[in-house]
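**Q** Quick mapping for you: the protein sequence lines, in order, are chains U and D. In terms of our numbering, the first sequence is residues 2 to 309. In terms of our numbering, the second sequence is residues 2 to 309.
Since the hints were made in silico from the structure, they are not lab data. Where is the CB? At the ideal position from N, CA and C, for every residue including glycine. Be aware that a few hints might be false.
Stated by the list, open to error - With the Cβ distance kept under 10 Å, some of the chain D side facing chain U (calculated, not the full set): (1) THR46; (2) MET49; (3) THR150; (4) VAL212; (5) GLN216; (6) GLU220; (7) GLY224.
Unchecked claim - If you want the footprint, here are the derived chain U segments under chain D, 3+ residues with CB under 8 Å: (8) 122 to 132; (9) 177 to 186; (10) 267 to 277.
Number of protein chains: 2
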Amino acid sequence: MPPAEHSEWNWIDDVRRRAGSGPRVAIGIGDDTALLKTSTATLVTTDMLMDGVDFVVGETPADLIGRKCLAVNLSDIAAMAGRPTGAVVSLALPRRGGRALAEGLYDGLLRLAQESGCPIVGGDTNSWDGPLVVNVAVLGEPTGRGAVTRAGARPGDRVFVTGPVGGSLPSLRHCTFRPRLSEAQALHQCVELHAMLDLSDGLSSDLFHIVEASQVGIELDAGAIPIHDDVAPGQPHADRLNHALSDGEDFELLFCVSEEDAQTLLSQPPGGVELYSIGRCVPEPGVWLLGADSRRPLGRGGWEHRFT
Amino acid sequence: MPPAEHSEWNWIDDVRRRAGSGPRVAIGIGDDTALLKTSTATLVTTDMLMDGVDFVVGETPADLIGRKCLAVNLSDIAAMAGRPTGAVVSLALPRRGGRALAEGLYDGLLRLAQESGCPIVGGDTNSWDGPLVVNVAVLGEPTGRGAVTRAGARPGDRVFVTGPVGGSLPSLRHCTFRPRLSEAQALHQCVELHAMLDLSDGLSSDLFHIVEASQVGIELDAGAIPIHDDVAPGQPHADRLNHALSDGEDFELLFCVSEEDAQTLLSQPPGGVELYSIGRCVPEPGVWLLGADSRRPLGRGGWEHRFT
């Protein structure tokens with residue numbers, strides 16, 4: 002269903018004009034469904050974001066809320082080394098201030114849609130007495146050798162991340178981040194990505210998805226984990242490391258490649274891709290943090306969670 | 002993202018077992034995105050439903066809420082004469098009673114998914130301090146001669162509906178209805194459907210979508226509109242007719258075909274399809290209600306809305 006087609010808001014016409022273009026859009030906003038020209042395989046992902054949980058209306062600027070709601074889905078498409086083909090957007094708008102909120106949301110949504118080549122092709126706009134809820138679903142298509150899952154990591158693989166982690170909430174980076182679509186595709190062209198995901202819950206937690214899906218263990222090199230500048234500097238290193246391991250909402254890619262491909266990446270990194278080698282896959286299931294002279298098991302919530 | 006993969010609820014494993022099957026599901030619940038085998042064109046639609054607006058938690062049984070949230074999307078796929086290929090489901094669950102609610106919702110969702118050949122391939126399950134919100138997005142594929150839009154009606158076309166309308170809210174038919182997928186495909190095989198949609202807002206309101214998209218007018222024959230038995234019998238006929246015109250949430254199909262195809266349908270109705278011829282397309286844009294000796298313009302909300 003199209004966004005608020007019964008509404009008389011002028012911005013809806015504006016949304017239609019700005020949203021529906023693209024060579025793949027056979028039918029955009031305004032019919033019972035949209036119709037996209039697709040290849041033989043279609044990626045699909047969805048995320049629901051709520052006021053007070055994923056953003057705070059009145060504190061987080063509305064365009065950044067809109068941007069985030071699309072970006073987290075694009076990050077999932079990137080995690081499969083996919084290319085987005087279209088998005089549908091559902092809103093439950095609070096009655097008070099809902100119109101201005103919708104306009105701001107769509108400003109951010111449409112800007113990122115444009116930047117990432119992901120037209121908004123449909124949606125469902127509602128008002129209610131509750132807080133703002135936004136749901137976005139994104140379709141995409143695999144690239145190159147196909148979709149990269151979480152299940153293909155092997156003992157001996159090297160583990161990489163595409164950027165420093167930690168501190169994304171206070172800095173608002175959880176709203177402003179750029180989904181790593183181009184990075185994923187560049188990596189996918191260069192090497193065989195055995196397993197990949199995007200860091201949403203936090204490094205130490207997300208690693209378990211690869212551990213479980215691939216039936217491997219992962220040893221992290223504590224000294225190699227890139228801590229983001231957003232993590233406040235005036236605290237002990239152990240605390241800063243814990244932020245990097247557990248804050249979440251980094252939306253960098255984490256991936257596993259063979260040692261040979263790791264050497265290729267380190268000697269000839271693909272243009273525009275930041276790379277940090279942070280660990281290695283091992284046969285024994287679990288996640289460990291290697292220090293200078295220690296090897297400690299990590300829990301899902303970071304190492305302090307396990308030891309205090 | 003998969004439903005509540007961090008949760009320890011046992012039902013999640015159960016959901017995965019019951020949800021993810023089907024020959025088109027290359028990757029189901031449990032990775033960053035799902036992957037569906039698709040044809041060269043993919044339909045996509047989404048609907049967000051909220052407690053207190055589309056259902057009432059505590060009054061509407063949870064399995065019927067779940068069923069409705071998928072069914073309204075399948076109805077949109079039917080309106081394009083499409084076949085569903087997969088669905089993704091997002092939940093914002095209230096903290097109090099959220100677990101039982103989720104189990105009930107998924108009972109209804111999975112049952113209808115099974116009935117309609119639409120596997121649930123992914124989702125996003127959240128808890129918050131607000132009321133229940135459910136978003137479903139459904140992918141599908143066109144059948145036969147392709148997707149049927151709202152835009153192809155022509156003057157002279159006959160207008161049909163696939164069942165009686167009105168009274169769906171008090172009877173809970175808005176939750177229990179069967180999406181007209183098989184009916185749409187049977188009709189699409191028999192005749193050339195010029196325009197079609199599913200009746201969600203109400204007959205008199207939904208007609209305007211065809212009027213605007215097709216640039217035609219529609220004359221309804223007041224005596225031919227099938228009023229559902231759910232509309233209480235002990236009231237004047239004019240009131241019952243108004244319920245049929247304006248109640249909404251009927252989820253029957255409304256479609257336009259040439260006079261020749263109308264005769265084909267009336268003489269040899271496709272098996273299993275109820276058919277009511279209720280009007281005709283005319284050149285002058287607008288919607289009119291023809292009585293025995295009257296012709297009155299209809300507003301979006303039904304005729305009383307315009308005349309009292």
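**Q** Work down the list of hints and note, for each, if the structure agrees.
**A** So, going through the hints one by one against the coordinates:
With its C-beta approaching chain U no nearer than about 4 Å, THR46 of chain D sits inside the 10 Å limit, and its interface hint holds. This hint holds: MET49 of chain D has a C-beta 4 Å from the nearest C-beta of chain U, less than the 10 Å allowed. With a least beta-carbon distance of about 5 Å to chain U, the hint placing THR150 of chain D at the interface is held under the 10 Å criterion. Interface hint at VAL212 of chain D: violated, since its Cβ lies 13 Å from the closest Cβ of chain U, which is beyond the 10 Å cut-off.
Below 10 Å, beta-carbon pairs count as interface contacts, and GLN216 of chain D has none with chain U, the closest being about 14 Å; its hint is therefore violated. With a least beta-carbon distance of about 23 Å to chain U, the hint placing GLU220 of chain D at the interface is violated under the 10 Å criterion. A cut of 10 Å between beta carbons decides the hint on GLY224 of chain D: the least distance to chain U is about 28 Å, and the hint is violated. A stretch counts as covered by a chain when three or more of its residues have a beta carbon under 8 Å from one of that chain; for the stretch 122 to 132 of chain U and chain D the count is 9, and the coverage holds.
Counting residues of the stretch 177 to 186 of chain U whose CB falls under 8 Å from any CB of chain D gives 0; the rule of at least 3 is not met. Only residues whose C-beta sits within less than 8 Å of a C-beta in chain D count toward coverage, and the stretch 267 to 277 of chain U has 0 of them, not enough to reach three; the restraint is violated.
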